[in-house]
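Asks: Sequence:
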Amino acid sequence: MEPLERSAPIPDPLTPYLEVDRSQPRHECWVTGHMVAGLDGTAAIHGRVGALSTAPDQELFRRMRQVADVVMVGAQTVRNEGYAPIRLSQDAQEQRRRGGQSAMPPVAVVSRSLDLDWSSSVFAAAPDHARTLVITCSKADPGRLAAAEKAATVIIAGEDRVEPAAALQALAGLGHRVVLCEGGPRWLGELVAADRLDELCLSISPLMGGDPLPVSIAPSGAGIADFDLKSTMVEDSTLFLRYEAAAAKTPADAERSPK
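Quick note on the numbering used here: the sequence shown kicks off at 14 and runs consecutively.
Keep in mind that a hint or two might mislead.
To be verified - Pair ranges (Cβ atoms, derived): (1) 141 / 15: 49 to 57 Å; (2) 17 / 116: 32 to 40 Å; (3) 16 / 108: 32 to 40 Å; (4) 227 / 250: 16 to 24 Å; (5) 227 / 23: 37 to 45 Å; (6) 159 / 53: 42 to 50 Å; (7) 111 / 134: 26 to 34 Å; (8) 15 / 110: 39 to 47 Å; (9) 116 / 234: 38 to 46 Å; (10) 160 / 16: 53 to 61 Å; (11) 24 / 160: 45 to 53 Å.
The hints are simulated quantities; they were obtained by calculation from the structure and are not laboratory data. Even for Gly, the Cβ is constructed at its ideal location relative to N, Cα and C.
Required output: the full structure, derived from the provided sequences and hints.
Replies: Structure, rendered in structure tokens:
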């Protein structure tokens, strides 16, 4: 066991995340999960993830969206957190354009039931060039499906439930090669169980006593996924960890991995 060594401060906390090569996904897309947890493992306080987040985590959370082609999130998280269309700084938009990405990533809402408020900001305020996507299944309520098609671009990814592989295949078909998943725990668990999570950016907040809700809730019978620690940072007593799926690493990665 070795202690983590202190190094020179990083002027821009986004730099280590921008430097990651996400051009070679293991499956349909490169999927990055971005989550926050308290010291006791809780993932929410009174139903809201944002209540756990410190100021440095909130900044990184907003800016991490710069790396994504699309921001994917479960319906419950959309309802609880009051999601809106993604907004990036002008500098971030220019950097994305130079890298061949659109100026703004759209939001992709994952929902089996389609129990959503179609007049809410995430749908009604989305610009035409980044129209919100809704990923659902073919057996969704027909009336709700019709309402969804008026408010968003609908993707059918499964019959009785949203299948992670089908959802990601559809996103890849739209040109979205880097997918940022912001939860919630059940959808993240589905991605892990389907072996579709390539990277996990986990913030450990210096708080305890939240809801008994873990970062990831795997479906029954799911196997164990193995990840390698790639980087660590700390600010304001908040620990920032970046992991990659063990199966995705190359021999060169293994040599660079922290011990």
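Asks: Each hint should be assessed against the structure and marked as holding or not.
Replies: Against the structure, the hints:
Checking the proposed 49 to 57 Å range against residue 141 and residue 15 shows it holds: the Cβ atoms sit about 52 Å from each other. Checking the proposed 32 to 40 Å range against residue 17 and residue 116 shows it holds: the Cβ atoms sit about 37 Å from each other. About 35 Å separates the C-beta atoms of residue 16 and residue 108, a value consistent with the hinted range of 32 to 40 Å. Between residue 227 and residue 250 the CB atoms are about 21 Å apart, so this pair conforms to the stated range of 16 to 24 Å.
Taken as a hint, the range 37 to 45 Å is violated for the pair residue 227 and residue 23, whose Cβ atoms sit roughly 29 Å apart. In this structure the hint that residue 159 and residue 53 lie 42 to 50 Å apart at CB holds, the actual value being about 43 Å. A beta carbon spacing of about 29 Å between residue 111 and residue 134 agrees with the range 26 to 34 Å that was offered as a hint. Residue 15 and residue 110 have their C-beta atoms about 42 Å apart, which keeps the hinted 39 to 47 Å range intact.
As the Cβ distance of residue 116 to residue 234 is approximately 42 Å, the hint placing it in 38 to 46 Å holds. Roughly 55 Å separates the CB atoms of residue 160 and residue 16, a value that falls within the hinted 53 to 61 Å. Range check, residue 24 to residue 160: Cβ separation about 46 Å, and the 45 to 53 Å hint holds.
Violation of the numbered hints given earlier is confined to hint 5; every other hint is satisfied by the structure.
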